[in-house]
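Student: Chains A and B, in that order, are what the protein sequence lines are.
For the first sequence, the positions run 56 to 375 when my numbering is used.
For the second sequence, the positions run 7 to 219 when my numbering is used.
Heads up, some of the hints might be wrong.
[As the list claims (entries may be wrong)] Some but not every residue of chain A turned toward chain B, in silico, with C-beta under 7 Å:
| hint | residue |
| --- | --- |
| 1 | G140 |
| 2 | A190 |
| 3 | G194 |
| 4 | F253 |
| 5 | P254 |
| 6 | D281 |
| 7 | V315 |
| 8 | D318 |
| 9 | M319 |
| 10 | S323 |
| 11 | S325 |
Bear in mind the hints are in silico, worked out from the structure with no lab data behind them.
Model, not experiment: these values are computed from the prediction.
In this text, a Cβ means the ideal position worked out from N, Cα and C, and glycines have one as well.
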Amino acid sequence: MPDFRTITIINHPLYLEHDTGGGDHPEVPERLLAIRQRLAQSPLAPFLSEVKAEETDRENFFAYHDESYLFRFEEAALSGKTYLGHPDNQICFESYQAALMSTGGCLTGIDLLESGKADLAFCAVRPPGHHAERALALGFCFFNNVVLAGKYWQKKYKREKIAIIDWDAHHGNGIQDAFEEDPTVLYISIHEHPTFSFPGTGYADEDGIGPGRGTTLNIPLSPGADDTMFLHSIDKLVEPTLASFRPERIIIAAGFDGHVLDDMSGLSYSTGLYKKIGEKMAAWSHQYCQGKLLSILEGGYHIEALAASVEEYLLGLAKK
Amino acid sequence: MYIARHMTSPALTVTPDILLPEVRRILNSHHFRHLPVVDDEKQLIGMITDRDLRSAYPSSVLDEEKRQVILAGVEKTTVAEIMSRELCTLTPHSTLDDALYFLSRDKVGMLPVVDENKQIIGVFSVQDLMSAYKKLYGIGERGSAIIAVEDDGLAKPLTRIVKVLEELDIHFSRLTRVKNEGRKDTIYIRVHTMRLNTVHTALKQIGMTIMVP
Chain A
56 MPDFRTITII
66 NHPLYLEHDT
76 GGGDHPEVPE
86 RLLAIRQRLA
96 QSPLAPFLSE
106 VKAEETDREN
116 FFAYHDESYL
126 FRFEEAALSG
136 KTYLGHPDNQ
146 ICFESYQAAL
156 MSTGGCLTGI
166 DLLESGKADL
176 AFCAVRPPGH
186 HAERALALGF
196 CFFNNVVLAG
206 KYWQKKYKRE
216 KIAIIDWDAH
226 HGNGIQDAFE
236 EDPTVLYISI
246 HEHPTFSFPG
256 TGYADEDGIG
266 PGRGTTLNIP
276 LSPGADDTMF
286 LHSIDKLVEP
296 TLASFRPERI
306 IIAAGFDGHV
316 LDDMSGLSYS
326 TGLYKKIGEK
336 MAAWSHQYCQ
346 GKLLSILEGG
356 YHIEALAASV
366 EEYLLGLAKK
Chain B
7 MYIARHMTSP
17 ALTVTPDILL
27 PEVRRILNSH
37 HFRHLPVVDD
47 EKQLIGMITD
57 RDLRSAYPSS
67 VLDEEKRQVI
77 LAGVEKTTVA
87 EIMSRELCTL
97 TPHSTLDDAL
107 YFLSRDKVGM
117 LPVVDENKQI
127 IGVFSVQDLM
137 SAYKKLYGIG
147 ERGSAIIAVE
157 DDGLAKPLTR
167 IVKVLEELDI
177 HFSRLTRVKN
187 EGRKDTIYIR
197 VHTMRLNTVH
207 TALKQIGMTI
217 MVP
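So that you can see chain B by itself, here it is in the shape it has in the complex (with noise of 0.2 Å):
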């Protein structure tokens, strides 16, 4: 669940005294959109993306004129220019959901991490909490299914569930308890097995009621 074993590291960082039409080239050859941005002691100190880039450049619908006039002044800007300062950090520590929770609060798309120095270590994008979250919950595994059960209501659920899969040997990735407004909740299993029928006998021994789409 932790940071350090799902970041990108070392992560491709720019200096604050770069140009942008470089600054567009590393992130073009790169097929990246988030770069930080750091100082001589590798401090992060901001963060440029290629959509800053896309409001300096001028509009590809103004005239020539007024493009050409746009286009000298951005040759001539530094990353420090137009770089985010106000930065939303993540360290080697955090949490998978830590960083679910700031990349949905923020709107962005990368978190840089940082160590105790606020030294760069690496970064974390959204494609990387996918793949985190994909790996850790068996998605797109072969050999897997995932079962609904409706909570009974009585003591333990998640306890007699758990209970009664591993005197199965059936392997389990998830155990999920969803509350649901003025209905009973509802529980997912993502199980790793052909048996579902044994699942879902096991299941229904222990009360639960199997929910069907």
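Bound conformation, chain A alone (with noise of 0.2 Å):
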């Protein structure tokens, strides 16, 4: 019988809920509905403890958003709208309430680990986050969830110095336009060279603004990009940056759509390589933050690849 650290997964029935139009919009939710299943049926089965996302303040948006924002799209949603801002950025009568509560559920989990309830806790989220700006919807993302958990972390429990780790395929423009000038909060991404994806920003000479020079760590790799060259960035690059910053608390951005399946990137990574970014994230973990990890789902797109991965990654956080 194998043994595994338990995994809070978080979840809300509103997830499903955040209708992106049918046709062939990728961010979909039989994305969550392949997670669960697969997880269901998986040796982690039961070393899982499922947890439903809390609302939070309407007060915890602004730590980053604008209310005229919210507003925005609160009556895009209700008016009957099929897309904020972009064709790419569909949304329905529930979106809103959704989005809201994709935040709540990052936050949900953080409060879970500094209760002491849990250790790692991994949010199933959707819509994700990520490319959300202040006041802009991007890339199938409208509340930026790991910007706003960052900001919650610091206000609520002062967690002053926090690492965000960024390996979904795109890079996270939003979380570095949150933090480029800020020194508490370190922003490491690995994604597909901008030249060749969306969104088109990500160098490797942006590492940040005044203060916050030196805690923006971009890393862009050629589409074709493969394990060998993540793997390398992240003990030549990541490792050593990590070392010199020293968090107190780790934040996950975890896209699985760098999977050699996932057509919404030309990277080329294996489900194998997830379980071992999972094993990676857990000892960094413990190395800094006493085994406490937020994870928070961004992208991947290929349903199968992407329940193949997640179950891949936290077989790697919850190995013991």
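Hints are included, so try docking the two chains, each in its own frame, into the full complex.
Tutor: If you want it as structure tokens, here you go:
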């Protein structure tokens, strides 16, 4: 009988209500259903604890987003608009509530970690968040879950130094925008090169601004980059940067669209890579954060590859 | 594409009777490198640049006595004596492409923009050109990426690409076909969407081959 550490999975029924309009839109509720099904049949299943996300105060959104943007989004959803700002960002009547709860779930995860009820939290949320900016929906994202989680951790629990590690295939422009002048938050992103990939940001020379200089690390990989190149970046660039920053808490922007089968990027990661990533993130959580780690789902659009990769990641995280 | 929308207007100008120390002070205080020279009717008669001034002023490696002699001369020299008089100019109806051609051909950093009476109404610099093309092509905007496809050699490739992009409601800001000697042409498209997979699939369906670097 295998033995694993317990992982808390944050869920909410609203996450399935955010309807992106059918057609061939890749950000669909089936993503979460596939993850749930896969985990139910996994050797991890007995070690998973499901927690329902809780609503969070509206005030917590103003740590990054403009109030007028919240009004604009809510009005668009309730008035039957089909997208916010750009046709990529499809919405339905429930999308505003779902997006609020997506962030709510991430903050629920932090409360669980800080209360000692959990060490490893995986927020299986949608819509995703890392492209959203202060008053801008972008790339299927509406509220920047990772940014709001970082701000919440600092404000409510006085965890001053936060590291965000983002290995979604796309650069998290919203996270960089929020923290590029802030020396208390280290943002590290490994993504497909901006010349060839959405959203066209995240060049290696973008390393922070003013007092935040040196606390942004962008690692763009060429199209076709594989496990070896990813792991090389982790060892040679991420590891030493993290060691010199010494975070009190780590947030993972967990995107699985770098998988070779996922056609939303040109990266060529294997399913097995995600287990290695999980092991590495868990090791860092022990080294810096007393074993505590918050992982937030971002991209991942090939349904089977997503489910299999999430399972591998969690197997790596939960390994004893 | 017209210069009128992208030039800096009004332009700071000087008159030909101004002495060089004064013009140097103006250039330095505004961090400018070029100034149009105009007559009493605001008609353009020349251009003075920081390079003209550097040539007029004494070299720092000269011995002090020679320096002082040259400096004394410079202080009595007017703009009219050293300005360039053979000028290439733009009009408000010139295009960005015209400006690119003239700036490159004449190896200058700025072109004056004049109306039909030769009166100066603005200036257009290399920096203005870069800003204009950056905006025009959506370069640096969040939310876009470039896709390269190989021209399949069949009829109307650009028409087929535009049709499929518009049918899918995919925004794009650039569509360029580049001739390659001895090889098939390359078509570059800057698309403004995260759904690059949708674009790839649609382009493949109309027979295009996506080029990966």
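Student: Confirm or reject each hint.
Tutor: Here is what the structure says about each hint:
Nearest Cβ of chain B to the Cβ of G140(A): about 10 Å, over the 7 Å cut. The hint is violated. About 13 Å separates the beta-carbon of A190(A) from the nearest beta-carbon of chain B, more than 7 Å, and the hint is not met. Restraint check, G194(A) versus chain B: the minimum CB separation of about 4 Å is within 7 Å; hint holds. The beta carbon of F253(A) is positioned within 7 Å of a beta carbon in chain B (closest approach about 4 Å), and the interface hint is therefore held.
For P254(A), the interface hint holds, the least distance from its beta-carbon to any beta-carbon of chain B being 5 Å, beneath 7 Å. Below 7 Å, beta-carbon pairs count as interface contacts, and D281(A) has none with chain B, the closest being about 14 Å; its hint is therefore violated. For the restraint placing V315(A) at the interface with chain B, the shortest Cβ-Cβ distance is roughly 13 Å, beyond the 7 Å limit, so the hint is violated. The interface hint given for D318(A) is met, as the beta carbon of that residue sits about 4 Å from the closest beta carbon of chain B, less than 7 Å.
Checking M319(A) against chain B: minimum C-beta separation of about 5 Å stays under 7 Å; hint holds. Annotation: S323(A) was flagged as interfacial toward chain B, and the flag is violated, the nearest CB pair being 11 Å apart, outside 7 Å. Annotation: S325(A) was flagged as interfacial toward chain B, and the flag is violated, the nearest CB pair being 19 Å apart, outside 7 Å.
The structure is inconsistent with the numbered hints 1, 2, 6, 7, 10, 11, although it conforms to all the rest.
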